[in-house]
Structures are given as C-alpha cells and as structure tokens.
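Chain order of the listed sequences is A and B.
Residue numbering for the first sequence follows full-length UniProt numbering, beginning at 1 and increasing consecutively.
Residue numbering for the second sequence follows full-length UniProt numbering, beginning at 1 and increasing consecutively.
Warning: the hint list may mix true and false statements.
Since the list can't tell identical chains apart, any single copy or any two copies may satisfy a pair.
Unchecked claim - Straight-line distance between alpha carbons at most 27 Å, and here's what the computed DSS-like set of lysine-lysine pairs gives: (1) K56 - K133; (2) K56 - K165; (3) K136 - K204; (4) K6 - K77; (5) K131 - K56; (6) K165 - K23; (7) K59 - K6; (8) K6 - K56; (9) K23 - K56; (10) K77 - K133; (11) K77 - K23; (12) K23 - K136; (13) K159 - K56; (14) K204 - K165; (15) K56 - K204.
I should point out that these hints are in silico values taken from the structure, not numbers from a laboratory.
Computed from a predicted model, the values in this text were never measured in an experiment.
Protein chains: 2
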Amino acid sequence: MEFSSKLLESAVYEVSQLPGIGKRTALRLVLHLLRQPESQTTNLASSLLTLKTEVKFCKSCHNISDVELCEICANPKRQEKLVCVVEDIRDVMAIENTGQYRGIYHVLGGKISPMDGIGPLDLNIATLVEKVKEGKVDEIIFALSSTMEGDTTNFYIFKQLEPYKVVTSTIARGIAVGDELEYADEVTLGRSILHRIPFENSLKSD
Amino acid sequence: MEFSSKLLESAVYEVSQLPGIGKRTALRLVLHLLRQPESQTTNLASSLLTLKTEVKFCKSCHNISDVELCEICANPKRQEKLVCVVEDIRDVMAIENTGQYRGIYHVLGGKISPMDGIGPLDLNIATLVEKVKEGKVDEIIFALSSTMEGDTTNFYIFKQLEPYKVVTSTIARGIAVGDELEYADEVTLGRSILHRIPFENSLKSD
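Chain A on its own, in the form it takes in the complex:
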C-alpha cells in the first residue's frame, strides 16, 4: 500500500500491529477516527496509555485489578482453599458468568508455549506452588483450554505439585449442552462416554 501521507501511514502501521487486524482494516479504522470528533481519539489513546502504565495485578491471584487484593480474593464468602487455575482474565469472566463457582482463581497469564518463547518461568506458577506448599490450598481445578499448550501447562504444574498433599482436578470435557451427538468430534464424544456420571447427578442443575 502506498500512502499519500506519512502520518496516515504510521497510524495505519501501528493499528495493523494488533492481532487479527490487517492493513486494510487498520486503514478503515483510522479513517473512521479521522471523521469522528477529536475527543474519541484522545479518549482512546489516553485510556490505553493509562491502562498500560497503571495496570495492577492482584497480589494473590494475579488477575487484573485496580486494588492490591482483587474483589474475588477479598470476598470472605469465597472458598479460599479451592483454586481454579486459568490462563487469563477472560476465563475468570467466563467462569464468573456461570454463577456456579464459589472458590478463588489463580491466573497464569498464558500457557507454556515454546513456539512463542513462553516457558514456565514466564507464567505465575511459582506463587501457586508456594501457596500449596504453605497448606493454603485443598483442591486445584485446572481450567486451561485443552490444546497441546494447555495440556503441557497442566502437566507441568501437576508435576510441581506432586510432593505436596493437594487434590487436583480438571473441568469436565464432553458434549456441550444442547449439541447433537452426530456432530460431536470423536475425541470429545469418546471422553464423554469414558467419564460418564451417575444419571441422578445430571438431574441437579446446581
């Protein structure tokens, strides 16, 4: 793409550095901002800068938070000995939305992925092991997505926790509620038969 303006070119370049946004989309977004009142651009720029420079993470679970101890960790009604290990804040939000979980979280900040140069030391694993070591945890629930990176991360943490007395579990994999059996992939269907549960348990909705 050849631009008639260096300013435009540099703005489009920076926007196209975002994941999933190509040069064409970036140009569309930038032209949109040019047509809007200046306040929209200043608000966008300042909110991103403020977040980047002032973002804090909960000292206990590492979730993004404006205060030292996040709302979930600080809530006395949550079971603090039940810890759900997730990748990032999106998973926390998804699980919170179900309204089914009363424990706390531990946000790793990613998954082990040698391809992307992310090793165990780049993730918040040491603080989790420390918590377990100090006897603060009864059960750990692994809730990472079941990809190769997710499974590797689960297994790495599982190995680190072996010396300590802690129950480890993983969220159930199976056919999604409302899905047709014939369209399910074989691995999921296979697991859902292998890990079947007593019928009377399925009658409880909570």
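Following the hints, position chain B against chain A.
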C-alpha cells in the same frame, strides 16, 4: 461483561467504539497490548493523536496529504483537466494501484446519506463546482460505488454542473475480469450487455 478493573473496562469500551469491533474483540486487543512492551502502546497512541491533530488535506483535491498540494496534484505529468471524483483516500489508492489513470482526483470525503445525516454541504462539492466554473476541467469521471448513496451523490453533482460545459462520465460497470457469467447478478450482467464495447477495443490492455 463485568470487569475486575475500571481501567480495563474503560480501555475496552474505547476500543469497542471502533466500527466492527465488539466488546470481546476489544478485550482481546487490549489484553494483547498489556502483554507487549510499553512502546507498542505509546507508539499506537501517539501516532493516532498526531494524525488526528496534524492531518492536512490537499488544498486542490482534498486528499489526505502532509503537504499543501498533494503529490498527485503537484505532478506536472498528470492531466489536470481530467478529474476523477471519489469518496475517500481508499479509492484514490485503489485507482492509483491500477496504474491506468493519468488524471487527478477530487476527494468528496463521503457520500450524500440522509440516514447518516450527511448532506451535500458536508462534502467537498463546492470546490469541484468552482473548478469547473473557472474552466479548469474538461472531463469529470464519477467513480463512487454504485449504491443508492453513490448514485444520489453522482446525480446531485451532475445537476450542479449542468450549467457549465464539461464532459461527465462514469466508470464502466460489468462482469469482473475472470468471473463466471452464471454467478453474476442480473443488474450487472444486464448493464454489461447494454454497455457492450467494440470487440477490438477489448484487445487493448492499456
């Protein structure tokens, strides 16, 4: 969506104001920026702000330009009496990419669209009429997309130019090169038959 951080919420909100970007995508983009070095966020913010505050438009064709008279208008090799009317810079870039056009442009900055509150006075139409009035234009080529808004805009400008001696033309509509006839829509196919050209003309590639 409930956020654990007001800073995060406000950044996601601002990003989701961009066209075609919902809350989920906005969250994904913001989390990506959080994982990247701070320079990426500062570069993004400053390039957008600089563009918004310092953007200039060519005084002749209204295209985005860093200088008073854009490269195309300032080029003595371009036919300055042949003017192609387009909606925005993306159309200029698309036509320039073909390498087939040697005239200059006139960028309207949009199309007449009462639904979006855009009337003729919001577009760069007066300066075009002025140019024609002063006898600076031999031919005007309308190259707006053929939607209702595009057709309305073409017709409005055409009416404004009626008192003056100027040739007006519109880009050819027809079956795209390489497309199969059977998949073409009826309007396009109909027009391509109505506006057929002498076969020997189709043999010239330039």
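Quick rundown of the hints versus the structure:
1. K56 - K133: Classified as within; 25 Å inside a copy, 62 Å across copies.
2. K56 - K165: Neither way: K56 and K165 sit 31 Å apart in one copy and 67 Å across, limit 27 Å.
3. K136 - K204: For K136 and K204, neither the intra-copy (30 Å) nor the inter-copy (80 Å) Cα distance is at most 27 Å.
4. K6 - K77: between (56 Å within a copy, 23 Å between copies)
5. K131 - K56: Within one copy, since 20 Å is at most 27 Å while 58 Å is not.
6. K165 - K23: So K165 and K23 fail the 27 Å test inside a copy (52 Å) and across (41 Å) alike.
7. K59 - K6: between (43 Å within a copy, 17 Å between copies)
8. K6 - K56: between (35 Å within a copy, 11 Å between copies)
9. K23 - K56: between (32 Å within a copy, 21 Å between copies)
10. K77 - K133: Within one copy only: 23 Å inside, 77 Å across.
11. K77 - K23: neither (48 Å within a copy, 29 Å between copies)
12. K23 - K136: neither (49 Å within a copy, 36 Å between copies)
13. K159 - K56: Neither: 30 Å inside a copy, 60 Å across copies.
14. K204 - K165: So K204 and K165 fail the 27 Å test inside a copy (30 Å) and across (81 Å) alike.
15. K56 - K204: neither (39 Å within a copy, 65 Å between copies)
The structure fails hints 2, 3, 6, 11, 12, 13, 14 and 15 (numbered hints given earlier, in ascending order).
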